[in-house]
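Number of protein chains: 4
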Amino acid sequence: MTEYQFKVRWGDTDAAGIVFYPNFYKWMDEATHEYFTAIGFPTSALYTEQQIATPLLEANCQFKSPLLFEDHVTVRSSVVELRKKVFKISHQFVKDEETVAEGYEVRAWTSFKEKAKACPIPEHVRDKMMPGHADAIKS
Amino acid sequence: MTEYQFKVRWGDTDAAGIVFYPNFYKWMDEATHEYFTAIGFPTSALYTEQQIATPLLEANCQFKSPLLFEDHVTVRSSVVELRKKVFKISHQFVKDEETVAEGYEVRAWTSFKEKAKACPIPEHVRDKMMPGHADAIKS
Amino acid sequence: MTEYQFKVRWGDTDAAGIVFYPNFYKWMDEATHEYFTAIGFPTSALYTEQQIATPLLEANCQFKSPLLFEDHVTVRSSVVELRKKVFKISHQFVKDEETVAEGYEVRAWTSFKEKAKACPIPEHVRDKMMPGHADAIKS
Amino acid sequence: MTEYQFKVRWGDTDAAGIVFYPNFYKWMDEATHEYFTAIGFPTSALYTEQQIATPLLEANCQFKSPLLFEDHVTVRSSVVELRKKVFKISHQFVKDEETVAEGYEVRAWTSFKEKAKACPIPEHVRDKMMPGHADAIKS
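Chains as they are written, first to last, in my numbering: chain A, 1 to 139; chain B, 1 to 139; chain C, 1 to 139; chain D, 1 to 139.
Next comes chain A alone, as it looks inside the complex (with noise of 0.2 Å):
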């Protein structure tokens, strides 16, 4: 599990004070690219220079609670599926210890060499996603 700590912006509001609700699909996806960055393949390199991004299947979120402006929020964030080529990461956005919203990932590995293409995860990368676990959930 990682963890990615951020604070609402003034941008993030909507004019009933609250989040604009897409924004935290945003922060799904900084979290999984910080979580890449933590298991030490950030996403920025494997972009530059293998052409590797992992694009959505499906996003799901489930809101608690609204978030406020300046609110500090952190994301915990793990892989809970791995498969050949896709896998679903969960995210757990907490304020103040309390969760205030629930979501998921569903992503391909990706090549963007020439027309987008989903490919096999490196083994090296299933080791550090989930550890310990790869043999037996890869199949």
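Hints are computed from structural coordinates only; laboratory data are not their basis. Quick reminder that beta carbons are idealized off the backbone N, C-alpha and C, glycines included. One or more hints might be untrue.
Cβ-Cβ distance ranges computed for the label pairs, FRET-style [unchecked claim]:
no., chain 1, residue 1, chain 2, residue 2, range
1, A, K64, C, Q51, 37 to 47 Å
2, B, P122, C, R83, 32 to 42 Å
3, B, S111, D, D96, 45 to 55 Å
Only pairs whose alpha carbons sit at most 30 Å apart, straight line, appear in this in silico DSSO-like list of lysine-lysine [as the list claims (entries may be wrong)]:
no., chain 1, residue 1, chain 2, residue 2
4, B, K64, A, K117
5, B, K113, B, K64
6, C, K7, B, K64
Given chain A's structure and the hints, the job is docking chains B, C and D onto it.
Then chains B, C and D, alone, in the frame of chain A:
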């Protein structure tokens, strides 16, 4: 069912050359606002006159094909569940007759008069949301 | 001069109930793309076929009246300066006959083929950008 | 002068592989909020307790070098003009000791209690905005 049409803007794309995925939720939000306008309840009037908005409980999207800069897209929206204070609206993204994404939002009819508080969806609104079915489903 | 029309979306507002100001630049960007489409050079084709884009050197906006959710706005755009590789395009935001904001962008005609590199605006494009004036101004 | 640091996010980029320019204004806005927090007046408290915000009269930015995904950037902000109800704050974007962009915002101290209305910047705020110079400049 209502239809909302938009064009993918340059700012909607990311460095992989495709739409940055949180924008799909922005478009679902826009489509829901257009839906209420189409059935006779523009959300601008709802918010200004009654301080009613419809914040999210959950949102989901499945992505089937990437969208590119200047793609023309139609979102087909319809209410598929209608409870006392909560409704579920589905959104189908179509480009050139092909479904490129499918999502839904679960929203609560909410007064922002003082503290945000869910409240019953009025009868005359329900009637327009699921014509002919409102009685059966609302319990 | 070209005209681009848009409607203020819920997500464009902030907690003060008015448009979050960086959105005006998003709309200037959209208006510039529409401008090129209108004069016969859709920027999607320019980028896909020639890897030409027009990144910014400068952008300015003066805000006269706030915009609100669901306001209908017209942006009137015209090229007011045309140099060898650089042009300045002005944008006037009009709502109900009133000018609510006025801005401009200075952009460079740029090839992204390898390293980003400014290059001369082709003659047939110049002719459309300032019909009748291209010769006088381009030196 | 205050400093605000951020990292370019994937969602900040566009299909040309560089930052979509309106994001620079988003970051200037964030830097201004951080500025007020740093001098002792968090804008969240100003808005919640007094319904004071600082909407824009004008914003400008000059772009010298593009920013890329995961660039680390510092924004150096300082108030350079202080009038009765209006101030101008400059923002310098620095990456690896190089100035990549320079901008400013002109903002009005505004009450949103009923109708939005500019009002005088309070003395104790002025003192922190331009220490030692407030008297000379405020007339």
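Results for each hint:
no., hint, result
1, K64(A) x Q51(C): 37 to 47 Å, "holds, 45 Å"
2, P122(B) x R83(C): 32 to 42 Å, "violated, 59 Å"
3, S111(B) x D96(D): 45 to 55 Å, "holds, 51 Å"
4, K64(B) x K117(A), "holds, 13 Å"
5, K113(B) x K64(B), "violated, 40 Å"
6, K7(C) x K64(B), "holds, 28 Å"
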